[in-house]
Amino acid sequence: MARLHHLYLTVGPARFRVASTWQRPLDQLAALYSDYPASQDDYADFTVRLEPEKPWRRYIRPSVHISGDYWLPDAAPLPLSQSLLAAEMGMNLQMALGWRRHLLLHASSVEKDGKALLMTGLSGSGKSTLSAMLSEKGWRFMGDEFALLNPDTGMVHSFPRLISLKNEAIAAMQAILPESRFGPLMTGTPKGDIRHIIPPTDAVQKMADTAKPALLLFPRFGYDPILRDMGKSEVFVRLTQASTNYVALGETGFRALTKFVDAVPTKAMDYQSGEQAEELIDSLWSQLS
Amino acid sequence: MMRDARLLIGALRAPETVLSLDGMGWTDLISIARAESLIGSLAHRLTDIEMPEQVQPALKDAIQATDLARRQALWEADCARRALTPLSCKTVLMKGTAYIAADLNAGIGRSIGDLDIMVARDELPAVEELLLDAGWEWVKPDPYDDQYYRDHMHELPPLIHRERDRMIDVHHTTLPLTAGPTPNASAMLDNAVQLDSGLYVMAPADMLLHSVAHLFADGDLAGGLRNLWDIDRLIRQFAQVDDNFWTELRARSKLHQLEPHLARALRLTARLYDTPVCGNLAGPANVIDNLYIRRLLARDGWGRENRKFTREAFYIRSHWLRMPPLMLARHLWTKWRKA
Numbered sequence: 664m665a666r667l668h669h670l671y672l673t674v675g676p677a678r679f680r681v682a683s684t685w686q687r688p689l690d691q692l693a694a695l696y697s698d699y700p701a702s703q704d705d706y707a708d709f710t711v712r713l714e715p716e717k718p719w720r721r722y723i724r725p726s727v728h729i730s731g732d733y734w735l736p737d738a739a740p741l742p743l744s745q746s747l748l749a750a751e752m753g754m755n756l757q758m759a760l761g762w763r764r765h766l767l768l769h770a771s772s773v774e775k776d777g778k779a780l781l782m783t784g785l786s787g788s789g790k791s792t793l794s795a796m797l798s799e800k801g802w803r804f805m806g807d808e809f810a811l812l813n814p815d816t817g818m819v820h821s822f823p824r825l826i827s828l829k830n831e832a833i834a835a836m837q838a839i840l841p842e843s844r845f846g847p848l849m850t851g852t853p854k855g856d857i858r859h860i861i862p863p864t865d866a867v868q869k870m871a872d873t874a875k876p877a878l879l880l881f882p883r884f885g886y887d888p889i890l891r892d893m894g895k896s897e898v899f900v901r902l903t904q905a906s907t908n909y910v911a912l913g914e915t916g917f918r919a920l921t922k923f924v925d926a927v928p929t930k931a932m933d934y935q936s937g938e939q940a941e942e943l944i945d946s947l948w949s950q951l952s
Numbered sequence: 002m003m004r005d006a007r008l009l010i011g012a013l014r015a016p017e018t019v020l021s022l023d024g025m026g027w028t029d030l031i032s033i034a035r036a037e038s039l040i041g042s043l044a045h046r047l048t049d050i051e052m053p054e055q056v057q058p059a060l061k062d063a064i065q066a067t068d069l070a071r072r073q074a075l076w077e078a079d080c081a082r083r084a085l086t087p088l089s090c091k092t093v094l095m096k097g098t099a100y101i102a103a104d105l106n107a108g109i110g111r112s113i114g115d116l117d118i119m120v121a122r123d124e125l126p127a128v129e130e131l132l133l134d135a136g137w138e139w140v141k142p143d144p145y146d147d148q149y150y151r152d153h154m155h156e157l158p159p160l161i162h163r164e165r166d167r168m169i170d171v172h173h174t175t176l177p178l179t180a181g182p183t184p185n186a187s188a189m190l191d192n193a194v195q196l197d198s199g200l201y202v203m204a205p206a207d208m209l210l211h212s213v214a215h216l217f218a219d220g221d222l223a224g225g226l227r228n229l230w231d232i233d234r235l236i237r238q239f240a241q242v243d244d245n246f247w248t249e250l251r252a253r254s255k256l257h258q259l260e261p262h263l264a265r266a267l268r269l270t271a272r273l274y275d276t277p278v279c280g281n282l283a284g285p286a287n288v289i290d291n292l293y294i295r296r297l298l299a300r301d302g303w304g305r306e307n308r309k310f311t312r313e314a315f316y317i318r319s320h321w322l323r324m325p326p327l328m329l330a331r332h333l334w335t336k337w338r339k340a
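In order, the protein sequence lines correspond to chains A and B.
Numbering-wise (our numbering), the first sequence opens with residue 664 and increments by one.
Numbering-wise (our numbering), the second sequence opens with residue 2 and increments by one.
Check each hint, because a few of them may be wrong.
No farther apart than 20 Å at their CA atoms in a straight line, the calculated lysine to aspartate or glutamate pairs in the DMTMM-like style are these [what the hints assert, rightly or not]: (1) A/K775 <-> A/E799; (2) B/K141 <-> B/D170; (3) A/K778 <-> A/E799; (4) B/K91 <-> B/D143; (5) B/K141 <-> A/D737; (6) A/K717 <-> B/E306; (7) B/K309 <-> A/E716; (8) B/K336 <-> B/D143; (9) B/K61 <-> A/E716; (10) A/K717 <-> B/E313; (11) B/K61 <-> A/D737.
What the hints contain is simulated information worked out from the structure, not anything from laboratory work.
Next comes chain B alone, as it looks inside the complex (with noise of 0.2 Å):
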């Protein structure tokens, strides 16, 4: 029984390594993989290996299953481009679905969950009023939570779609007000590039900076191995075809006040997934890298969460990332008089 995630890192930076696997040595793989949002991922790293017949229909399903996400990604994202048409800017599509509109190895069998799109902050209210128009509607019509968002956080209050079932979330930025690095939006939409469908996806060293800020300034790292091979895929390439492309993510880190960020995003791809980093960038290990790695890998072969302590730690980190501890204070007591 596996006790950390360490099979899948090394499944997905080795594939023959599962070569020699046993019976419950892939049924491991597999719950971890799946509990990751990682099956898909894993599944077409696998294709040329040659597995258990056993093991052999349920990546096919997780193949299948992602060809399909993949798919309903690209129509959510047009039914979105549709609807803000008779707007003049840019809109930018984020996280999976940019990767995916944008055919990028980092969107081979990624599992998709909502639809993320960014816009400029003055066209918040026009873009709001379009995708109510077209059919979405608020998710949380809570007077706080929605005031919460629309003051502090760098998104609208969730919407979701009353036919579709599928959720959207209009960004103005990457981090949240209230954190502490302040990425430059308005540079990110003028570098965006167009796609033939006429929206667009953030430049190379932006896309890769909008994942390290997603995972390492905001949020608890809970689904964080996923986001960590976005980063390690789109470096590998990025970094292949452009010789530009370090001196310019060092450019745009310092811009959008990202360098520990990356620097350690960098440290932590190279050694869990043996991504190839400008030594430079990614700065000397440190000890507290060794937290990052024992948060990561904290899912056993069942498939549970463990390392309880660490995770919680994470957790409230998390909390004061986003707030200064004042508002923190008052946000928590807010939230405990509703719950």
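The following block holds chain A by itself, in its conformation from the complex (with noise of 0.2 Å):
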């Protein structure tokens, strides 16, 4: 069997290990978590593969078969231009399926004064970049697919993974970031064009910090803004479809997510753009006791 490649990375409180047929997306992963802890110790929690979906598709038309220690049978495989993407997918695919020390959220997150705000919504609702802008203004970038929601504690802990930019956002990004924080643009991907960014150096050397949640929002881009309540078991249900693993941890899932949902103040919040939303968000977080 073709001999793989490997590297370790560190996020938050779990550890990698991508191993794949290509140098390629190893030396991209290895450029953009460049200032990430490194391993000492060659331990990791998962192993994420990235192979041929055909022996032959090493060399021709490469194509990326994402796989590791949790998969999916219908996963579809990307060109190997896109293998950056798959590498993050992999990642992502571990957590979303094998982790079990938290409750994941698929929401975004970003800290100030040791408290979180968390936002989550469908694909599109700008929680990815919500949350870039934010850590741009003063606030802690956490995490902007999963916040892992502790079941003893409570707290929030940081999953400061790449930033995925998609379509309109990077355009926005470039605009106030410069050219050093971005990753190489992928376009025509199953989502669109991406393009990811290196998290702000104090997201990557704080992300052992947890923070406790003190504000939930469901995002919508695109409508008059406005802020609207929410009742606690239509929040309670949304969150239970935009956890990865509630089904998986039992009781412990439900308690943790009906603590949260107790106490954490939540506002579904629409916008037409950035600044109307941190408007919002800072007329919200100064009324918060």
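From these two lone chains plus the hints, build me the complex, please.
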């Protein structure tokens, strides 16, 4: 069998071994994750594998099949030009299917004064972009994909992997960030154009610092700005859908989530621009006790 | 980097061998154990070992995951029991759910997929109807597959519960009807042991022989290390509590036409897991055993299946075992046309 190259990555509490037939995605990861703590001991929680779909697809129209300790039978392969995306998807997959130490919420999160703001919603709601923007304006970036909720303490743990920008969000962030913070532009992916950005330095340095969840938002981009209240049962049900391991955690997941929904104020937020969102968030944040 | 699954075998057989592992060795071990669905068994096996701090969370996760799987499997078995109460026939739990329900060592940390049950063949229509009424539905409503199952298989086409999303396989015997050996299903049902819940599990010798039949007379040995680990655990426990176990096993293996399969299972589990087995029943080692070992260990430290040629050979063999040549040709032709 083809030899695999490999690389270790540490993101928040999770440690990955990414193994690949091609050196290319590993070089890209190494460059983008260069400020993250390096592995001293070769331990990993998960192995991700990036391999050709068929042996000859290593060279001819190379296509990257994503697998690892945990995998999905119907994962579509990606072209080699999108192998960085494949690696990121592979790591997400391990977390989504295999991580049990926290309740995983599909949400972005940022922190200020030890308190966390979480934003969840469907793809295109702007949660990723909002977290990236806020982290350039005094907030600490904690993650744009998963917020890790500790079932024992109720604290949010940071999982600050690369921020994944899609389509219009790319240009919006290029306007405010230097080119050195960006990964390669990948066009025509299953989710449109994608470009990753490296989180701010403090997000990586403080990735072990937890925060107390203080506000949960369901942002929705493209509507007149407004904040709406949400019923607890609606919040609960939507969060069960936004969690990848709620069912797998059983009773632990239920307890963690009910405690969270009871304690954390929640609003639905419609907005049309980053400035509007920022204003709404600032007003809500200042009213928190 | 490990080239085969021997690392996992060593850790299961002699937990203290993990003390010499470095970080990479541990990462390999965990990937292999996850791929072979043995991570829960491994985690339980290592509870008394002083492990590096870095690997403890992954193994603790595996224990919690299998604890939950255990509860869910028992719940699922109880759902089937309730659905089938109108029937007077025995409902026999099989494989993982049986090990757990009977509180056997083979159930410790075991991963569980589907619920497997066995009932008398003439009860199948009634069982089918009751399960459909209780919310199970067909997974593959393909007429060819459906008819194939009903004519030639040892089980109904798989059913899935529409709310709980869990599969049930309803067996009426332990091997496809087209396979070489014909186990005596009614003798298995007669000897089945009732649990407090009212459900049944097979008697020890039959339970072991079902596991043997599943591994060596049906299928391509994929996931075989877990199956063989079941066999090891069952033998150790049954032989310890019952002096008569080996005699009974010999008689039942004759009855179910599984003597050569049992012999091979005993030789392989002794070789891989160091299981204490009856030498008379196991017979002398032969060179073919090496091929089986090669197949069973075909997994590298990245968690990948390797030894493609060996695996293919066992895959083809699995079809030969299941059906006579003409029937196989017809089956493959139909499948190919539909694909």
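> If you check each hint against the structure, which ones fail?
Replying inline: 4, 9, 11
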